[in-house]
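Protein chains in written order, with this note's numbering: chain U, 1 to 332; chain D, 333 to 667; chain E, 668 to 951.
It is worth saying that the hints were derived from the structure and are not from the lab. All C-beta atoms, glycine included, are put in the ideal place defined by N, C-alpha and C. Treat the hints loosely; a few may be bogus.
[As the list claims (entries may be wrong)] Partner residues aside, some chain U positions facing chain E, computed with beta carbon under 10 Å:
| id | residue |
| --- | --- |
| 1 | F145 |
| 2 | V153 |
| 3 | S155 |
| 4 | L161 |
| 5 | L163 |
| 6 | I250 |
| 7 | L260 |
| 8 | A264 |
| 9 | L276 |
| 10 | G277 |
| 11 | A295 |
| 12 | A296 |
| 13 | I317 |
[Stated by the list, open to error] Listed next, the stretches of chain E that the computed footprint assigns to chain U, with coverage defined by at least 3 CB atoms under 8 Å from CB atoms of chain U:
| id | region |
| --- | --- |
| 14 | 703–715 |
| 15 | 782–788 |
| 16 | 793–807 |
| 17 | 862–873 |
| 18 | 910–916 |
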Amino acid sequence: MVAGRSARADETLRYLSSRLVTTVLIVIGAMLLLFTLSSIVPGDPATTLFGPQATPELSRRFITEMGLDQPVLVRLWRFFSNVAVGNLGVDVISGRPVTSLIREVIPYTLILTFTALGFAALVGIPLGIYAATHRGSALDNGLAFVSVAFIAVPSFVVAILLLLVFSIWLDWLPVLGASRTGALGDEIKRMILPTLALALGWIGFIARLIRTSMLEVMNEPYIRTSRAYGLSRCLVTYKYALKNACIPTITLLGLGIGRLLGNAVLVEIVFARPGLGRLIYNAISERNYPIVQGAALVVVVLFVVVNLIVDMSYSAIDPRIRHGAARAGARA
Amino acid sequence: MSPNPLVSIRQLKLEALTARGTAHILRGIDLDIGKGRIVGVVGESGSGKSSLAACLLRLLPANVSRLDGEILFDGVDLVALREPAMNAYRGARIAMIFQDPMTALNPLFTVGTHLRDVLRRRHPGMARDEARRRSVAALSSVGFADAPLHVDSYPHQLSGGMRQRVMIAMALLVEPDLLLADEPTTALDATVEAQIVSLLENLRRTFSGSIVFISHHLGLVAQLCDDLCVMYGGTIVESGPVADVLGGPRHPYTRALLACELEDEAGGGRLVSIPGEVPDPVEMRDACVFAPRCPHVREACLAGMPALRDAGPGRRAACVRWEEVEFELSKPSQR
Amino acid sequence: MTVLRTGWTILRRVCATVTGATGLGIVVVVLIAALFAPWVSTADPDKLDVMNRFSAPSLAHWLGTDHLGRDLYSRLVHGATIALAVALSAIAVALSVGTLLGVAAAYLPPRLERLVLIVFDVIASFPSMVLALAIVAVFGPSTTIVIMIAGITLMPHFGRVARGQVLALKSAPFLEAERILGASFGRIVGYHILPNIIGPLVILASMDIPVVITIEAGLSFLGLGVRPPLASWGTLIQDGYQFLSESWVPVVVASSALAIATLGFTLFGEALRDAVDPRIRQEH
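Turn these sequences into a full structure, and let the hints guide you.
What follows is the structure in structure tokens.
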């Protein structure tokens with residue numbers, strides 16, 4: 001039996017390491033993609049940046065300094081080795097390292113994204129459970145309609161409409177930007193609308209997801225067993241069925257994080273908040289490509305890491321994965 | 333059937349809505365389950381035997397449109413009970429073992445968790461150690477050699493036979509008055525089936541409650557049960573002590589079923605089967621439900637659904653012509 | 668002939684549910700607006716009339732005018748054309764490239780197949796907006812770029828579905844038979860595989876239309892999408908957003924159009940999927 005246990009541990013290790021390898025490959029692929037994009041920026045980079053003031057001498061010096069005259073493979077190697085040590089390049093205009101620019105603004109984006117996600121989960125999961133256990137009720141039907149509606153409307157539109165109603169018409173909440181005073185109360189007030197804008201679509205999404213998973217799970221034979229033994233509704237729903245329903249939910253949540261990050265970028269711009277969104281947007285209009293590249297890479301790594309964590313959490317929830325047995329996707 | 337039965341079912345009717353119309357799953361069941369008796373319920377797929385068990389637990393699918401009749405459990409009519417009152421019986425006075433052990437246990441929880449929750453429902457507030465002790469003891473009693481190990485195992489780490497043992501252990505932990513076993517060996521390999529059957533035989537000695545043993549396998553029922561009840565097309569066509577019924581069936585369907593099994597076991601020659609098809613639950617004809625396939629059918633049989641009538645000491649059969657048929661068959665020329 | 672009959676049955680099933688019928692209705696309205704924009708609109712969407720900015724809805728301007736006095740209703744109608752044109756082009760790109768790669772992946776040796784799948788994963792690892800911004804940063808905004816971006820974003824999904832379908836089919840007995848009979852690779856793929864995988868891909872395509880509309884609207888909102896004089900709903904929202912304090916009408920009107928169109932296509936796509944595969948229907 002002891003031999004059996006370590007064999008199972010080996011299975012888990014193998015599974016995790018293969019996921020890690022895939023993750024690393026994807027990040028490398030993303031870096032390749034970004035590098036390729038950066039090397040095909042059309043036009044002479046110096047002219048693009050400095051406009052008519054770019055004398056041939058200026059552009060030559062610029063090109064040598066930036067190392068743009070080296071062969072592609074050398075540049076590729078420099079790019080990778082730079083990223084490996086955390087050097088994401090330099091802001092073409094101000095000369096500041098991209099890494100510190102990103103580090104300044106990323107907390108805003110992360111806090112917004114994860115607060116919205118947390119809020120959406122807090123509201124969406126109970127709604128979904130209620131809809132599943134009270135199928136056909138007014139709330140269930142209402143939720144079905146509302147969730148599709150909110151999924152369909154893009155976050156930035158919701159953001160603008162919220163802005164319109166709560167900031168302009170009702171004047172309940174401050175309008176734009178993050179807090180200048182730094183006071184916590186002010187910060188929180190300014191976060192309410194953006195968080196809501198991001199979360200609304202997600203509440204509907206999560207609720208629907210939970211509802212569908214729960215309904216499928218409730219029909220499974222093992223739930224029937226629990227009910228046959230008189231276990232309370234509460235126990236059956238919240239301890240047993242919910243855990244089973246989490247598995248397909250988590251998959252889709254992991255994928256949805258990407259969309260959430262993308263939406264966060266737009267919502268930040270609508271509310272003129274600092275964050276990756278505004279950073280990238282301004283960089284684009286300034287043709288400040290290193291920033292765009294660096295920020296995109298950071299977002300990709302974030303997304304990929306989150307998905308990895310999501311995959312790991314399967315192991316925590318589903319013992320079959322831990323022991324190297326059937327994939328969680330197969331039910332029963 | 334018995335003087336003071338534990339369960340007394342009268343005129344139980346069950347209907348459900350399907351895409352093709354209303355299905356009459358149970359068409360008026362009359363059955364007694366004696367205290368401490370093991371009652372075998374035999375029938376083909378679609379005869380309604382699993383639905384009968386589901387009615388006893390009142391765990392019915394959502395498309396059920398009608399449940400009528402009486403199920404007197406120790407004097408209380410289960411059909412009339414409200415859901416919370418009915419739930420008090422489940423996992424306390426009635427326990428069930430399901431057909432497919434591979435899907436009956438939640439894959440995300442250990443055996444120990446399953447058993448502990450069942451125990452806590454039965455004995456609220458039971459301590460974790462006490463629950464574990466009892467679970468380990470229960471697993472040992474159903475044949476687990478290394479019970480402490482298996483109590484912490486997950487279902488996917490156990491074979492089908494082992495999982496079914498877990499189910500039996502779970503049912504026994506409840507100490508129910510009535511144990512429902514819905515085809516507990518059908519999904520298992522022959523060798524494993526034999527092990528479970530011998531386990532069930534040992535059970536007869538140690539378990540003091542009543543058992544309803546559902547199967548389509550006459551041989552098993554003969555081996556394990558005291559009383560037998562034969563179902564066809566949503567009705568009971570014959571009931572009585574198992575030895576009497578199998579020794580001398582009084583309903584043509586029972587006779588035909590026996591013939592199938594005996595001939596199959598005799599081996600050689602053609603496979604015996606009953607000509608015709610099982611009745612469609614959506615169609616309900618006011619005639620004997622077996623009439624279309626019965627070799628002894630007469631006009632009287634088509635007049636209406638025959639009620640279960642006395643057919644000997646402690647025996648009943650739903651055939652208007654059972655005595656005539658007995659007589660016909662006893663004549664040497666019919667052999 | 669049977670294709671038409673199947674199509675009619677599916678259509679009937681779609682209309683059977685409230686959500687399906689609503690979706691279909693909205694889709695039809697948007698289609699009419701998109702295809703017949705010049706006839707459905709009441710005025711030239713680009714005609715400036717600055718004296719008349721932010722006028723209230725009237726007979727001349729059914730939804731009023733924007734900050735430059737242009738007729739909102741007509742701009743809305745032409746926005747539908749852009750939305751649909753971009754959506755269909757992007758999906759055509761994603762569908763063709765994705766199917767090509769997906770079918771190829773199913774037949775390539777394992778190493779190359781893994782490579783294709785990693786390419787899919789790499790693209791999928793970019794949140795669509797971020798990928799869009801990275802590409803726009805390089806090439807500058809234009810309608811073509813928007814179509815390319817949306818196409819690239821959607822391509823992995825089509826690729827994976829196509830590959831999955833081909834893998835499932837590969838083991839089908841009738842294909843074995845064809846191979847034994849000596850059918851050429853081209854014939855197997857063109858005559859047998861493609862017609863059988865086209866179904867799920869078309870459903871996926873219809874469900875992706877709202878996705879592209881959203882991407883395009885988002886990019887145009889940022890000013891990084893379609894260029895003037897073309898005006899998509901995203902552009903209209905941006906225009907309205909800039910002058911939000913002066914008039915809420917343009918934003919609300921454009922947002923509603925975007926929301927309703929996206930909603931309609933989503934409902935329709937889901938109803939279509941349920942109508943084609945009845946097994947899924949029963950669960951809801």
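For each hint, the structure was consulted:
Because the smallest distance between the Cβ of U:F145 and any Cβ of chain E comes to about 8 Å, under 10 Å, the interface hint for this residue holds. A least Cβ separation of about 4 Å between U:V153 and chain E falls short of the 10 Å threshold, and the interface hint therefore holds. Checking U:S155 against chain E by beta carbon gives a least distance of about 9 Å; that is within 10 Å, so the hint holds. Interface hint status for U:L161: upheld, as the beta-carbon distance to the closest one in chain E is roughly 6 Å, under 10 Å.
Because the smallest distance between the Cβ of U:L163 and any Cβ of chain E comes to about 7 Å, under 10 Å, the interface hint for this residue holds. Proximity of U:I250 to chain E is violated relative to the hint, the smallest CB-CB distance being about 17 Å (cut-off 10 Å). Annotation: interface hint on U:L260 holds; nearest CB of chain E at approximately 8 Å, less than 10 Å. Evaluation of the U:A264 hint against chain E yields a held restraint, the C-beta minimum of about 9 Å falling below 10 Å.
Given hint, U:L276 at the interface with chain E, holds; its Cβ is 9 Å from that chain's nearest Cβ, closer than 10 Å. Below 10 Å, beta-carbon pairs count as interface contacts, and U:G277 has one with chain E at about 9 Å; its hint therefore holds. For the restraint placing U:A295 at the interface with chain E, the shortest Cβ-Cβ distance is roughly 8 Å, inside the 10 Å limit, so the hint holds. Interface hint at U:A296: satisfied, since its Cβ lies 5 Å from the closest Cβ of chain E, which is below the 10 Å cut-off.
The criterion of a C-beta within 10 Å of any C-beta in chain E is not met by U:I317, whose closest approach is roughly 23 Å, and the hint is violated. Under the rule that three or more residues need a Cβ within less than 8 Å of chain U, the assignment of the region 703–715 of chain E is violated, with 0 such residues. For the region 782–788 of chain E, the stated coverage by chain U holds: 3 residues have a C-beta nearer than 8 Å to a C-beta of that chain, and at least 3 were required. Restraint check on the region 793–807 of chain E versus chain U: 13 residues with Cβ-Cβ distances below 8 Å, three needed, restraint holds.
As drawn, the region 862–873 of chain E meets chain U at 0 residues by the rule of a beta-carbon pair under 8 Å; below three, the given contact is violated. Requiring three or more residues with a Cβ within less than 8 Å of a Cβ of chain U, the coverage given for the region 910–916 of chain E holds, as 3 such residues are present.
The structure fails hints 6, 13, 14 and 17 (numbered hints given earlier, in ascending order).
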